[in-house]
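A.B. asks: What follows is the residue order along each chain.
Protein chains: 2
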Amino acid sequence: MKRRDFLTTAAVGAGALAFTGCHRAEETASKGSANINKGKKVTLKLATSWPAHFPIMGTGVDTFAKRCGELSGGTLEIKVFAKNILVPAMQVFDATSAAQIDAFHSGVYYWKGKNSAFSIFGGMPLGLTSEEMITWLKFGGGYELWRELYGKFNLYPLIGGTTGPQMGGWFKKEIKSLADLKGLKMRIPGLGGEVMKRLGVNPVLLPAGEIYTALERGTIDATEWVGPALDSMMGFAKAAPYYYTGWHEPGSILEITFNKARWEKLSDEHRAIITAASEEMTGNMLQEFRYKNAKALAELPDTVQIKTFPKEMMEAAKVALNDVLMDESAKSDDFKCVLKSYEAFYKLNKPWDDISTKNFLEIRS
Amino acid sequence: MKRRDFLTTAAVGAGALAFTGCHRAEETASKGSANINKGKKVTLKLATSWPAHFPIMGTGVDTFAKRCGELSGGTLEIKVFAKNILVPAMQVFDATSAAQIDAFHSGVYYWKGKNSAFSIFGGMPLGLTSEEMITWLKFGGGYELWRELYGKFNLYPLIGGTTGPQMGGWFKKEIKSLADLKGLKMRIPGLGGEVMKRLGVNPVLLPAGEIYTALERGTIDATEWVGPALDSMMGFAKAAPYYYTGWHEPGSILEITFNKARWEKLSDEHRAIITAASEEMTGNMLQEFRYKNAKALAELPDTVQIKTFPKEMMEAAKVALNDVLMDESAKSDDFKCVLKSYEAFYKLNKPWDDISTKNFLEIRS
Chain A
1 MKRRDFLTTA AVGAGALAFT GCHRAEETAS KGSANINKGK KVTLKLATSW
51 PAHFPIMGTG VDTFAKRCGE LSGGTLEIKV FAKNILVPAM QVFDATSAAQ
101 IDAFHSGVYY WKGKNSAFSI FGGMPLGLTS EEMITWLKFG GGYELWRELY
151 GKFNLYPLIG GTTGPQMGGW FKKEIKSLAD LKGLKMRIPG LGGEVMKRLG
201 VNPVLLPAGE IYTALERGTI DATEWVGPAL DSMMGFAKAA PYYYTGWHEP
251 GSILEITFNK ARWEKLSDEH RAIITAASEE MTGNMLQEFR YKNAKALAEL
301 PDTVQIKTFP KEMMEAAKVA LNDVLMDESA KSDDFKCVLK SYEAFYKLNK
351 PWDDISTKNF LEIRS
Chain B
1 MKRRDFLTTA AVGAGALAFT GCHRAEETAS KGSANINKGK KVTLKLATSW
51 PAHFPIMGTG VDTFAKRCGE LSGGTLEIKV FAKNILVPAM QVFDATSAAQ
101 IDAFHSGVYY WKGKNSAFSI FGGMPLGLTS EEMITWLKFG GGYELWRELY
151 GKFNLYPLIG GTTGPQMGGW FKKEIKSLAD LKGLKMRIPG LGGEVMKRLG
201 VNPVLLPAGE IYTALERGTI DATEWVGPAL DSMMGFAKAA PYYYTGWHEP
251 GSILEITFNK ARWEKLSDEH RAIITAASEE MTGNMLQEFR YKNAKALAEL
301 PDTVQIKTFP KEMMEAAKVA LNDVLMDESA KSDDFKCVLK SYEAFYKLNK
351 PWDDISTKNF LEIRS
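Going line by line, the protein sequences match chains A and B.
Per the working numbering: the first sequence = residues 1 to 365.
Per the working numbering: the second sequence = residues 1 to 365.
Ranges of calculated distance between the beta carbons of each label pair, as one might list FRET restraints: (1) B:300 x A:202: 46 to 52 Å; (2) B:74 x A:233: 43 to 49 Å; (3) B:219 x A:306: 49 to 55 Å; (4) B:235 x A:265: 49 to 55 Å; (5) A:315 x B:301: 30 to 36 Å; (6) B:99 x A:59: 33 to 39 Å; (7) B:210 x A:79: 54 to 60 Å; (8) A:306 x B:180: 35 to 41 Å; (9) B:302 x A:311: 31 to 37 Å.
Quick list of in silico lysine to aspartate or glutamate cross-link-like pairs, EDC-like style, CA-CA up to 16 Å: (10) A:45 x A:77; (11) B:295 x A:354; (12) A:83 x A:94; (13) B:83 x B:94; (14) B:66 x A:268; (15) B:307 x A:354; (16) A:197 x A:323; (17) B:318 x A:362; (18) B:238 x B:299; (19) B:238 x B:216; (20) A:185 x A:216; (21) B:307 x B:174; (22) A:112 x A:333; (23) A:340 x A:327; (24) B:197 x B:323; (25) A:66 x B:268; (26) B:45 x B:94; (27) B:185 x B:174; (28) B:307 x A:362; (29) A:307 x B:354; (30) B:185 x B:221; (31) B:112 x B:333; (32) B:311 x A:362; (33) B:197 x B:180; (34) A:307 x B:362; (35) A:295 x B:354; (36) A:114 x A:333; (37) A:311 x B:362; (38) A:307 x A:174; (39) A:152 x A:264; (40) A:238 x A:302.
These are calculated hints, taken from the structure and not from any lab test.
Backbone N, C-alpha and C define an ideal beta-carbon position, used for all residues, glycine too.
Take these sequences, add in the hints, and give me the full structure.
C.D. replies: Put into structure tokens, the structure is as follows:
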């Protein structure tokens, strides 16, 4: 079977990006605004997948909600509910779809079971960075596809922040070769976990509250989480001294997603306010992650050793990722369709990023 | 004389960033809001340094102004005036300071003559990228210093977009060694021009409309501009085939700056609207630059040769930059003070960026 040419860097013309819909015939979403509600006080219930005031992600959505109030002169109130208060963390998608609540703030990668294509909107191992993901969504046709596919669940998504590049995780033993991965038990979800599985790892899922103990007791050999700022709070440094640089979540996208019917009933002004506030939140979150990761990195205990995975492992990961993407494409037309748009942007963007950001960071060092 | 240790990458603790003011005694800006104006229709005149609807930068501020109207339900109108309509391009700072207009959209680097320290807020050769600059301004104390120093001119600045990494410029002859720079006439302004001067270049300033002809006729040997998207419109490829990757403007910051007294008279709601709309504009502009640069790069004529400056030249540029920064610091306490804050953030940020973004972009390739 011919390998997909996902990771090549050949430039493609902009024509490839003209492609905008997976199911054109179904693109009949109502465009009608409901300015009938203009000026009326509106209260929306938004549930998150995070504990109350969880650093950066949770406080980000708290600030977003406050901002909607400020921008609207108090006519738009967004009530934020931490996980499990109104809705369990992993049921916010369904509850919003069913209009039990109005909106949710979560990570897109959680909803792969609903449609495998959704995982691409959340980010891709070895793929686009946060800034690149947002550029694809806004300028490369990604938003149109996301909204079309979420529309089938009566949902309307907005980018609700991004983490920036995440770390590769904490390992009890050093990984010196691809062979060292064989049989390793690692807490790693999503497409990254799929790739690791094909490299011989046994990926496991664990609730956040159980990871540290499992790592400390040796029930698992490794875990990924986010980056220095949030990882430090988990205490992983005490249980696993090797901290690996990242590859599997270079630009994870969070979402603020609304019940679509409810969204369409909002006034133009309230929709503009929510959109602008979500954009402000996205920039702030990326910058806050950068600042707090830099601080936390400087404050890690001396026992932590920062490592980069062996080159042979990363090369094998690229091959395995291509296989995963081929398999998912064969199983789902939606996945294939979204991947096509993503790849077109990837190939357009990479030559520019290589001679601009990447090249500059090398010159600076 | 001991060289400043500007470009070292040693991590510093967060303590260094607690420093927040150049002139603490003068930090007595009024905090009083004027909600007396809430709900009243407000019209502000904003002049730019760009031609009408200039791509990305000019259209960005057009969208910003429209957004302020949408977010305020029409109670906040921002009238945008292209350069030379109300005010000449390079007099928008003075006109806003004197309250002849309410606000301006321009590049911070233009106002070096007012206070050399301002150039740092606009970006630094071999320094921070756009995302890093914004993080320094918001989280590293940069905004406080910028607002304090602009306050002396009765101005209140907001980030008004950013270009992302710019290219190093178009050269008629290939630069194979540092020696090839000697006597070269190049259109390059700002700190980048200062550095180039110390490398033997004769930096010249030319109005935008005269650059192409000067390059085509050989009056100048080289010019920098922005990046593929905007450079393509200037036709430089026809006059100079060597297109060099960037080092001198890795993250230039644009500004939307208000007359401070006028800003303080706005309602809390209108100030929140302007701030959120400027944040939305900043993200959109960075992403639009990325997308359009990638497209324009793919469409450059085959005659263009993308080149990277010789390593010895970049090493010499780092030394020359340190000398420029020392000289400017010796001449101005404000420059020294702002540079201290910038350097503290630079040293905190770089170890994190090196193991996250830089490392990832290398793995991806």
